[in-house]
Amino acid sequence: MILHHCLRGWLQRYGEPFVIRAEVKRGLFVQPPIGLLRWLYTSTELEMLPRPLWLALFLPDIYPLPDETLEWRGNTYRVLRVLEFRYPDPDPLYRLMLIAPV
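Everything in the sequence shown is counted per our numbering, starting at 254 for the first residue and increasing by one.
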């Protein structure tokens with residue numbers, strides 16, 4: 254539970270704002286590790302993915318759908334995939350969102 258409180262506080266303090274469904278949320282944006290991409294996509298699909306890709310970690314108050322768009326740093330991005338994970342079980346829930354520029 255301590256990790257949850259630290260992560261929540263860190264996201265609220267240092268997370269970057271992004272807009273989805275006309276709501277401002279905060280998340281951490283990083284380039285995804287290639288190992289994660291290989292786990293999610295075939296080599297053919299990887300070649301077709303646009304660059305740069307970003308992975309956003311955020312809290313569970315929204316559930317973005319694939320092909321939904323969001324704005325971050327003045328640019329529009331499309332949601333490619335959404336992954337969920339819980340630590341510690343069953344709460345809290347975090348979401349990872351793989352996004353690419355439109």
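Bear in mind the hints are in silico, worked out from the structure with no lab data behind them.
All figures in this text were calculated on a predicted structure; none of them were measured in a lab.
One or more of the hints may lead you astray.
Pair by pair, the computed Cβ-Cβ distance ranges are [claimed, not checked]:
| id | residue 1 | residue 2 | range |
| --- | --- | --- | --- |
| 1 | V272 | S296 | 13 to 23 Å |
| 2 | I255 | R331 | 20 to 30 Å |
| 3 | H257 | E298 | 27 to 37 Å |
| 4 | M301 | R261 | 13 to 23 Å |
| 5 | H258 | P303 | 18 to 28 Å |
| 6 | T295 | P270 | 32 to 42 Å |
| 7 | C259 | T295 | 14 to 24 Å |
| 8 | V277 | V355 | 30 to 40 Å |
| 9 | I255 | M301 | 40 to 50 Å |
| 10 | I315 | R266 | 33 to 43 Å |
| 11 | R339 | R279 | 27 to 37 Å |
| 12 | E300 | H258 | 17 to 27 Å |
Virtual Cβ for every residue (Gly too), placed ideally from N, Cα, C.
Hint compliance check: list the failing hint numbers for this structure, sorted ascending. 1, 2, 4, 5, 7, 8, 10, 11 and 12
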